[in-house]
Amino acid sequence: MTIQEIQEEIVDEFSMFEDWMQRYEYMIELGKSLPLIDGQYKTEDHIIKGCQSKVWVHAEMKDDKVVFTADSDAIITKGIIAILIRVFSNQKPQDVINASTDFIDEIGLKEHLSPTRANGLVSMIKQLKLYAVAYQAQLN
Amino acid sequence: MTNKNTIAAKLDVDVIRKDFPILKRKVNGQSLVYLDNAATSQTPQQVIDAIVDYYQNYNANIHRGVHSLSQEATDAYETAREKIRAHFNIGKRHEVIFTSGTTHAINLVASGFTHFLKEGDEILVSALEHHSNIVPWQMLCERTGAKLRVIPMTMNGELKMEEYHRLLSERTKLVFCNHVSNALGTINPIEGIIGAAHKVGAAVLIDGAQAAAHIKSDLQKLDVDFYTVSAHKMCGPTGVGILYGKEKWLNKLPPYQGGGEMIAEVTFEKTTYANLPHKFEAGTPNICGGIAFGAALDYMNTIGFEAISEYEDALVDYATEQLLAIDGLKIYGTAKHKTSVVSFNIEDIHPYDIGTILDKMGIAVRTGHHCAQPIMDFYQIPGTVRASFSFYNTMEEVDKLVEAVKKAKSMLL
Chain P
1 MTIQEIQEEI VDEFSMFEDW MQRYEYMIEL GKSLPLIDGQ YKTEDHIIKG
51 CQSKVWVHAE MKDDKVVFTA DSDAIITKGI IAILIRVFSN QKPQDVINAS
101 TDFIDEIGLK EHLSPTRANG LVSMIKQLKL YAVAYQAQLN
Chain C
1 MTNKNTIAAK LDVDVIRKDF PILKRKVNGQ SLVYLDNAAT SQTPQQVIDA
51 IVDYYQNYNA NIHRGVHSLS QEATDAYETA REKIRAHFNI GKRHEVIFTS
101 GTTHAINLVA SGFTHFLKEG DEILVSALEH HSNIVPWQML CERTGAKLRV
151 IPMTMNGELK MEEYHRLLSE RTKLVFCNHV SNALGTINPI EGIIGAAHKV
201 GAAVLIDGAQ AAAHIKSDLQ KLDVDFYTVS AHKMCGPTGV GILYGKEKWL
251 NKLPPYQGGG EMIAEVTFEK TTYANLPHKF EAGTPNICGG IAFGAALDYM
301 NTIGFEAISE YEDALVDYAT EQLLAIDGLK IYGTAKHKTS VVSFNIEDIH
351 PYDIGTILDK MGIAVRTGHH CAQPIMDFYQ IPGTVRASFS FYNTMEEVDK
401 LVEAVKKAKS MLL
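Order-wise, the sequence lines are chains P and C. Here the first sequence stands for residues 1 to 140, where the numbers follow the working numbering. Here the second sequence stands for residues 1 to 413, where the numbers follow the working numbering.
Honestly, the hints are just simulated from the structure, not real lab data. This one's a predicted model, so the numbers in the text were calculated from it and none came from an experiment. Honestly, I wouldn't trust all of these hints.
Stated by the list, open to error - Restraint ranges, calculated between C-beta atoms of paired labels, are given here:
#: 1; chain 1: C; residue 1: Lys-221; chain 2: P; residue 2: Lys-32; range: 54 to 62 Å
#: 2; chain 1: P; residue 1: Asp-45; chain 2: C; residue 2: Met-161; range: 55 to 63 Å
#: 3; chain 1: P; residue 1: Lys-32; chain 2: C; residue 2: Lys-330; range: 18 to 26 Å
#: 4; chain 1: C; residue 1: Val-13; chain 2: P; residue 2: Met-1; range: 14 to 22 Å
#: 5; chain 1: C; residue 1: Leu-413; chain 2: P; residue 2: Asp-105; range: 26 to 34 Å
#: 6; chain 1: P; residue 1: Asp-102; chain 2: C; residue 2: Met-161; range: 55 to 63 Å
#: 7; chain 1: P; residue 1: Gln-4; chain 2: C; residue 2: Asn-156; range: 33 to 41 Å
#: 8; chain 1: C; residue 1: Pro-21; chain 2: P; residue 2: Met-61; range: 56 to 64 Å
#: 9; chain 1: C; residue 1: Glu-403; chain 2: P; residue 2: Glu-106; range: 31 to 39 Å
#: 10; chain 1: P; residue 1: Glu-44; chain 2: C; residue 2: Val-266; range: 48 to 56 Å
#: 11; chain 1: P; residue 1: Met-1; chain 2: C; residue 2: Arg-17; range: 52 to 60 Å
#: 12; chain 1: P; residue 1: Asp-105; chain 2: C; residue 2: Pro-21; range: 30 to 38 Å
Claimed, not checked - The calculated DSSO-like cross-link candidates involving lysine-lysine, where the alpha carbons are at most 30 Å apart (straight line), are:
#: 13; chain 1: P; residue 1: Lys-54; chain 2: C; residue 2: Lys-83
#: 14; chain 1: C; residue 1: Lys-270; chain 2: C; residue 2: Lys-24
#: 15; chain 1: C; residue 1: Lys-330; chain 2: P; residue 2: Lys-54
#: 16; chain 1: P; residue 1: Lys-92; chain 2: P; residue 2: Lys-42
#: 17; chain 1: C; residue 1: Lys-409; chain 2: P; residue 2: Lys-42
Glycine is no exception: its CB is placed at the ideal position from the N, C-alpha and C atoms.
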């Protein structure tokens, strides 16, 4: 699926929830199911700055696609990362760079996050895109 | 068991709550339960009125105008200084220096001590400090070559006094400690700390930011050299506070900032400084803030600090008992003497996750390291959830907190 298609799918899923409680329960479930980052990458180098809970992200190229793995010590944060990974992982670097992030507003994620979490979300997306930029530069 | 109904005798919380307009508001569709009082307290109508009155009726610059408005503003500002003096039983009015808050006050002292310290001297700070109380001293040590030494704490969150006595020596020039720990609520034995420091000739600065809303301190009796307070922790506005200093120390310390108000005479060759307190009050101060601080003290004194602390003790005892009944919940900071703060975690759950769910239920708590990372490192935790109570909180709000924590736990585990 393209990034656009995945985003539409997520927007659809979130539109079914009636209240914040269901949304959070869903995000917590996603967090619990997040494929964990390999232990060797849970180091200071892989921590995203700007998140108040710890977030580690690792990126690697498989064939012509960038694959992200991540972890956090907070479960709701993990749920947010799980959504981002679903959207951006296994995609071509150029597509990650070009991707719009409007879906975050559409699923009402930002308004339901505390300001510190919302800042963390921005930092996370920035970091994923930076990885994609780096890999794209290698390809060029 | 704490009886929910027997303790309200001295303080009518239903009447008090009517004074706080913000307590009526809804957050995320729920009635606000405000339990982040250690970060900042809410503002009663009486203080809001003082702020409005100032801007509507006598907003003017102080200490320099010839006109009536300026005189009225000056009078009100100096009356506030007098109220603060009286509240803390400070000897002289000019020993009350208005600052922007505790952090500013501590930096003022740390900056001044640059002139009194040399290599080999030592500054003692407690392990229970807020970052704002650690960094200025580290900077002072970098400037002077003095050494920072730490008074260690126990697992209960109490200072190890025998270690403190061991650390004190003729090398100790300054001892710094908070009156109450912001992260854990521990009330430190400052009488003993001050007395022992004076025996070796060291000066003592006590940070009263967390204490002043709960404990009415007699600063002359304490014989403390410096004491700091922030108005916004005790029903006043943000951006204003005081440094109390003994006259002999304030005379010795050089001015902290240059500007208007703090000078006696200025030529391009030489400036002579104004007398206390103006020597430390460069520029136009937070006039309205100072006046509102006075109104906040009036408000709290009308209720009475004895009634306030008795009521808050009952709240925190009840909250502690109810929270501890939750399986896997651990409270950090179990000192014998503490204020109305409960800092806790639930096993295998990150404090941010709990805080996020509580917020959705209208409950405001603080999560994180509370600007006291060394304490969190000591307990080897990323942070805690901190509920801090004020005299306008109710037993029913404690019940709501406990229910919300249970709900969060069931969602997150």
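Handout entry: Which numbered hints fail
Key = Hints 2, 4, 7, 13, 14 are the ones this structure does not satisfy, whereas the remaining hints hold.
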